[in-house]
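Peer 1: Chain residues, written in single-letter form:
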Amino acid sequence: MVINRQFKSVLFHVIVLGCGLLMLYPVFWLLSASVKPTTEIFTSQGLWPSNFTLDHYSEGWFGLRNIQFGRFFLNSILLCLVAVFGTVLSSSMAAFSFARIDFPLKNILFALMLGTIMLPGHVTLIPQYIMFHKLGWVDSYLPLMTPKFVGDAFFVFLIVQFIRGIPKELDESAKIDGCGWFTLYFRIIMPLSLPALMTAAIFTFMGTWDDFFGQLIYLSDIKKFTVPLGLRLFLDSSGSSNWGAVFAMSVLSIVPSLVIFFIGQKYFTQGIATTGLKG
Amino acid sequence: MFNKKTITMVLLASMTMLAACSKSADNTNKESAASQPAATSSAASGKKVELRMSWWGSDERHERTQKVIELFEQKNPGVTITGEYSGFDGYMDKLNTQIAAGNAPDLIQMGGNIKEYVDKKALLDLTPYVGNVLHVDDFNGGLVKAATFEDKLYGVTLGVSSSSLLYNASMFEKAGVPLPADNWTYDDFKTSVLQIAQKLGKGNYGSYDLSSDAASLASYLGSIGKEVYRDGERHFDNQDLINWFAMWDELRKAGAIVPADVQVANPPTAVDKSLIVKGQVAIQSASASQIFGFQELTQDKLGLTVYPNGPAGSGMVPPISGQFITSYSGTEHPEIVAKFMDFMVNDPEAGVILGSTRGVPPSGKIRDALAAQSTPVDKVLFDFISLVSDTAPPVVFQQFPLDNEYIKLLQLTSEKIAFGAKPIDSSVEEFMKEMDKLLLKAKAQ
Chain A
2 MVINRQFKSV LFHVIVLGCG LLMLYPVFWL LSASVKPTTE IFTSQGLWPS
52 NFTLDHYSEG WFGLRNIQFG RFFLNSILLC LVAVFGTVLS SSMAAFSFAR
102 IDFPLKNILF ALMLGTIMLP GHVTLIPQYI MFHKLGWVDS YLPLMTPKFV
152 GDAFFVFLIV QFIRGIPKEL DESAKIDGCG WFTLYFRIIM PLSLPALMTA
202 AIFTFMGTWD DFFGQLIYLS DIKKFTVPLG LRLFLDSSGS SNWGAVFAMS
252 VLSIVPSLVI FFIGQKYFTQ GIATTGLKG
Chain B
499 MFNKKTITMV LLASMTMLAA CSKSADNTNK ESAASQPAAT SSAASGKKVE
549 LRMSWWGSDE RHERTQKVIE LFEQKNPGVT ITGEYSGFDG YMDKLNTQIA
599 AGNAPDLIQM GGNIKEYVDK KALLDLTPYV GNVLHVDDFN GGLVKAATFE
649 DKLYGVTLGV SSSSLLYNAS MFEKAGVPLP ADNWTYDDFK TSVLQIAQKL
699 GKGNYGSYDL SSDAASLASY LGSIGKEVYR DGERHFDNQD LINWFAMWDE
749 LRKAGAIVPA DVQVANPPTA VDKSLIVKGQ VAIQSASASQ IFGFQELTQD
799 KLGLTVYPNG PAGSGMVPPI SGQFITSYSG TEHPEIVAKF MDFMVNDPEA
849 GVILGSTRGV PPSGKIRDAL AAQSTPVDKV LFDFISLVSD TAPPVVFQQF
899 PLDNEYIKLL QLTSEKIAFG AKPIDSSVEE FMKEMDKLLL KAKAQ
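Listed in order, the protein sequences are those of chains A and B. Each residue of the first sequence is one higher than the one before, counting from 2 in my numbering. Each residue of the second sequence is one higher than the one before, counting from 499 in my numbering.
One chain only, chain A, in its complex shape (with noise of 0.2 Å):
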């Protein structure tokens, strides 16, 4: 009986790691990929690479004409950070008032708002920018982070669900304390909806990190490159590719997003909330 268990238990493990690997194959690919010369990348058949090479490395980093590769990333860096910080303010703000403040027209800005989501990019990308580019705004970092300050419905809508989830007594009890609505959304509502903020906070950070057309349409100037426009500067579908240099900065790019994941992982398992009801 124990023996069997322990025997299931085994192969669960075996099976689950397999699949892991499997899928992590890319990723095993690539790594090899940086590390070996432009000629064995697409050549050779095995992962470990006969002649190590951190040539792609160096190069990719240092090889632009007039710029370093880690300008590029404290841009992304920045970025991100903005827009992290943007989209959290403002998605919890405009949340926290559908869920929980009665205001005239409620529903109907609330159905506005979802009606966005539906609403696809492409059909608002080249007013966007002709507003943008009357504000004079075009090649700089602005058209990137206001829109993050006027919150994003998706996760306007996230975080109402999960506020909805809070109890209202818990309001109540703070306002016999005496908070008024700031107190009320700062001090009580959310620390308890930590783990949708976090969610909202990881989104918007892997998902800036890794936009491609937004910072393409807007920057111009390689100064203000980010990483994802660096990448592309190795890339010439039309011609020739500096493959080596494009695979060694993809594995330093996945880096970030990694860590911010990893910090992140333990907030999504918090129930921040049930804890709050059960004190």
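It should be emphasised that the hints constitute simulated quantities derived from the structure, not laboratory data. Warning: the hint list may mix true and false statements.
Claimed, not checked - Once the Cα atoms are required to be at most 27 Å apart in a straight line, the calculated DSS-like pairs of lysine-lysine come out as: (1) B/935 with B/776; (2) B/546 with B/931; (3) B/941 with B/613; (4) A/135 with B/618; (5) B/573 with A/224; (6) B/751 with B/613; (7) B/799 with B/776; (8) A/224 with B/546; (9) B/565 with B/751; (10) A/225 with B/565; (11) B/688 with B/700; (12) B/546 with A/135; (13) B/799 with B/877; (14) B/619 with A/135; (15) B/613 with B/939; (16) B/672 with B/751; (17) B/935 with B/914; (18) B/565 with A/224; (19) B/697 with B/776; (20) B/939 with A/225; (21) B/613 with B/837; (22) A/169 with A/107; (23) B/877 with B/863; (24) B/941 with B/619.
Mind docking chain B on chain A? Use the hints.
Peer 2: Same frame as chain A, but now just chain B:
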């Protein structure tokens, strides 16, 4: 929550928003148009001129282009040119957005779709500057024609290329098969391909299946005295096409060319997937200037050759322009833009810096200057372009008007046959029907 009223409200609101946006678009265009004359006069008074130039390419092209820009800035004080460069992904999308907003760069690198932008009135007519600022008399007439629409010149060729057969010379040597001669025939081609596949054994092939390749078919038809297209009509019949597919079918059955499933998984058009790089296929069709990209990824020696000759001699299509430099119609400094274009293609110093990053330079003078210091791959490419220029028959090639659809149709027909889904004669019949439909559609446009 979502009752009918709410939904109507949402729709109404979004429509009003859209309407507002499109209005603002019109305003921007008018405004930028109105601001032009004023800006031009300020440039004429010798003030600082700031231009923007956009191009796509690899990091080598970025570096060389920037060096040329710096050189131009040194020689023309007061002029600064900011480069906006990226890979090809998204390049056209960004450009379209910029043009729609009236914010396109002064200098724009363009590919073969130049006419689309001429029709949109997005490009500057360069005719007033030809002869005084901009010199193109040294170029092959066809290259100038390629960017001329209704007698107006809209672009300057940056480099020429030609369709070609790219071969893996190391595989020929390994199989003990002589390298293709400049005047080889389809019989020579078949023999070489069969021999390579036999001598190198399983998993190795003499050639990709080129029956789906439009450039290969064009040169085959040329070599039997026919043509794909001229003046609104096709100039070949069912039997020609049946012969074409039958030739490839025979080779396929003999195991001499790549089978359909392998070809789909490793398309020759993707440099990183092509089996020529892996040393498993000896011949494929490619644009000649792509040899740089292929050679970089392999230690095997690659070469270029012409398509085989037929009863009517060579059916090669003369070299064509790969890329152009054009200007946005809203530019504030058209004369300096034209001057820079001239600098890119005619200045020997700039020519040497640019090399053949955009194909072989169109000017003979620059080619001579380059030949003196070229790398082995450069030499293969230059020799090939000269060879094609000499052997290509003196006809002006006419491109099929709905080229993309024609290419897709050919590909589909070839795959049907290669996978054995349909016999050759009925596939060809279907192809002809579809092609005639395309011709009618092209006439209607």
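Peer 1: Give a verdict on every hint.
Peer 2: A quick look at each hint next to the structure:
{"no.": "1", "hint": "B/935 with B/776", "result": "violated (40 Å)"}
{"no.": "2", "hint": "B/546 with B/931", "result": "violated (60 Å)"}
{"no.": "3", "hint": "B/941 with B/613", "result": "holds (17 Å)"}
{"no.": "4", "hint": "A/135 with B/618", "result": "holds (22 Å)"}
{"no.": "5", "hint": "B/573 with A/224", "result": "holds (25 Å)"}
{"no.": "6", "hint": "B/751 with B/613", "result": "violated (43 Å)"}
{"no.": "7", "hint": "B/799 with B/776", "result": "holds (12 Å)"}
{"no.": "8", "hint": "A/224 with B/546", "result": "holds (22 Å)"}
{"no.": "9", "hint": "B/565 with B/751", "result": "violated (53 Å)"}
{"no.": "10", "hint": "A/225 with B/565", "result": "holds (20 Å)"}
{"no.": "11", "hint": "B/688 with B/700", "result": "holds (18 Å)"}
{"no.": "12", "hint": "B/546 with A/135", "result": "holds (23 Å)"}
{"no.": "13", "hint": "B/799 with B/877", "result": "holds (13 Å)"}
{"no.": "14", "hint": "B/619 with A/135", "result": "holds (22 Å)"}
{"no.": "15", "hint": "B/613 with B/939", "result": "holds (18 Å)"}
{"no.": "16", "hint": "B/672 with B/751", "result": "holds (23 Å)"}
{"no.": "17", "hint": "B/935 with B/914", "result": "holds (20 Å)"}
{"no.": "18", "hint": "B/565 with A/224", "result": "holds (17 Å)"}
{"no.": "19", "hint": "B/697 with B/776", "result": "holds (17 Å)"}
{"no.": "20", "hint": "B/939 with A/225", "result": "violated (46 Å)"}
{"no.": "21", "hint": "B/613 with B/837", "result": "holds (23 Å)"}
{"no.": "22", "hint": "A/169 with A/107", "result": "holds (19 Å)"}
{"no.": "23", "hint": "B/877 with B/863", "result": "holds (16 Å)"}
{"no.": "24", "hint": "B/941 with B/619", "result": "holds (22 Å)"}
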